[in-house]
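Student: Since the structure of chain A is already known, use the hints to place chain B on it.
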Amino acid sequence: MMMLSFRRKTLRGASALLALLIAMPATAQLSVDVTNPVESDLRIAIPAMPTQQNVETPAGSTDSLGQRIAEVIANDLRGSGLFTPLGPNGVQRPTMPEVTSPVFERWSAMNAEALVQGFVRSAGGDSQITVGCYLYDVALGTELARQGYVVAPRDWRRAAHRCADLVYSRLTGESPFFDSRIAYIAETGPKDNRVKRLAIMDSDGANHRFITNGQSLALTPRWSPDYRSIAYVSYVGRNVRIYIYDVDQGRQRTLLETSGAIFAPRWSPDGRTLLFSKSSGANTDIYKIPVAGGQPVRLTNTPGINVGGSFSPDGTRIVFESDRSGGQQIYVMNADGSNQRRISFGGGRYATPEWSPRGDLIAFTKIAGNFRVGVMDINGGNERLLTNGWQDEAPTWSPNGRVLQFFRTAAGRSGNSSIWQVDLTGVNERKIVTPVDGSDPSWGPLLQ
Amino acid sequence: MRKTSLLLLVSSAALALSACAKKAPEALPPPPADTAPPPAPTPTPTPTGPTPGSQADFIASVTSDRIFFDTDMSDVDDEDRAVLRSQAEWLMRYPNKRVTIEGHADERGTREYNLALGERRANAAKNYLASLGIDAGRINTISYGKERPVALGSDEASWAQNRRAVTVTVD
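Protein chains in written order, with the working numbering: chain A, 12 to 459; chain B, 1202 to 1372.
In short, the hints are calculated from the structure, not lab data.
Treat the hints loosely; a few may be bogus.
[Said to hold, decoys possible] Label pairs and their calculated CB-CB ranges:
#, chain 1, residue 1, chain 2, residue 2, range
1, B, Asp1372, A, Pro324, 43 to 51 Å
2, B, Ala1358, A, Ser270, 38 to 46 Å
3, B, Asp1271, A, Ala163, 55 to 63 Å
[Said to hold, decoys possible] Just so you have them, the derived chain A footprint on chain B, three or more residues with Cβ under 8 Å:
#, region
4, 1295-1301
5, 1337-1345
Fair warning: this is a prediction, and the values are worked out from it, not measured in the lab.
In this text, a Cβ means the ideal position worked out from N, Cα and C, and glycines have one as well.
So here's chain A without its partners, still in its complex pose:
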């Protein structure tokens, strides 16, 4: 996707917000505090986008794309829990000239604090479409940000996510995250014979695709940092494999195979190394291996179950799980296995640690009665539990380190599992809609 930089007619975004804060304290609310969403529910108008000339594309007419793009933007922002979108249904679609010269009175009349407008342009047919995205402060009547995106018609949703990301990051000060994808395990069938298939989808559940057909049990997928591959575990006959699935080619290769237990594949940030866990006798240890293939190197070497692993964003350290002290606890080591030390000391057990892409927090599953998802800082302090299900498990970070997805299993004979999302406040929690049950979500980085 190509991003355009439109010439700004008005102040640059940061200066505009600064001016806003100085001039009118009453409108200082036009920034959203991700740590206090209850007071930050910002009303934002998102009308359908007009088009200069309505032409047909493989993804539908530019007229209908203008409507659907606005719907995706509204859905993204609503799903973050930080915004109250107005439109696109029930609000007036602006004319093309109004996109760059909004009729602010119309939007202030509906108590909108912010306004997202844009346009869709195409030469028709298979040619790329251009989507413009403009963010305005309604009270001040100023432009806060603008971007343009040039995408293939089939990628129109990415332009919408990028526009939502522009709005989110401009108003929260956080990094964007909507334009990203999830790999997960789609589950069907009875609890004692679940069919588990590898599947992928956009961060909002769209563009859903089953990858495997369910004949082999598939578990614990992880996106490669470049989205080209997915590492996952599969049972083939009476052996277990770690596969590297090539998303574009639709092919996979076996990186590792064993009878016994080999599992928990994890990518290094540069995408060249894979961590995995392997059992030998009563012990399980964490190893690393070049993704291209090669000799595994063992990183842990203590009695007990050492499992999982998640790299710090700079690739120098690994957070992992070990029961060497009795129950499951969280440990950190250097990427070469040296300097292993425990960081979790609260009551109960801790599992599935995941290092935030921002580097500042560790997400985990806490086992103390029920299973809950929480976060702590990288030295183990300031533990906070964010969810309260019967069994919430295996958090995965959004690209900006502000939101987590995890899976929730229901008690009883159904065994139903579902993917949920929660932000760092713990307030904004919602279920991600999937075609069938879901578990083991893996949230990839921001798309390039």
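Tutor: Structure of chain B alone, referenced to chain A:
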């Protein structure tokens, strides 16, 4: 065969006497509605019984094809040893047969830890069979973690049935 039946009787009796018995679904009261039916009772072998050396013959010959574990544990106790001895006897009778031991965990654990725990349990069973003189090379292990429960309830009785290591013959 006779000895096998006796073992079954002995272990059942021991269970009935043991107030804090950790397992043995066969000896539990009727399972709650939320629970899968227990394994079919071991049929008495007859001259026209299963093909010698087959999986059916294995099931018919051994005290049980599975042993059970306490929460988060993988140690093999007296009752488990009795079961595994019956399996070892069969394996000695059919020295060309191989087995896979499938390790399992209950649902109250995280997925990956349970894969390791299931392997630990399968390995505990394997080690005991090896200590009885069975060539370890005839025994593979595999862990299913919590992915393949036999009892569907979310209660202690179901979990007790699911924390298991099951020996399966390989053709």
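Student: All the hints need checking, so say for each whether the structure fits it.
Tutor: Status of each hint after checking the structure:
1. Asp1372 of chain B and Pro324 of chain A have their C-beta atoms about 50 Å apart, which keeps the hinted 43 to 51 Å range intact.
2. Range check, Ala1358 of chain B to Ser270 of chain A: Cβ separation about 31 Å, and the 38 to 46 Å hint is violated.
3. Separated by about 57 Å at the C-beta atoms, Asp1271 of chain B and Ala163 of chain A satisfy the suggested range of 55 to 63 Å.
4. A count of 1 residues in the region 1295-1301 of chain B with a Cβ less than 8 Å from any Cβ of chain A is obtained; the coverage claim is therefore unmet, three being the minimum.
5. Counting residues of the region 1337-1345 of chain B whose C-beta sits closer than 8 Å to any C-beta of chain A gives 5, which meets the bar of three, so the coverage hint holds.
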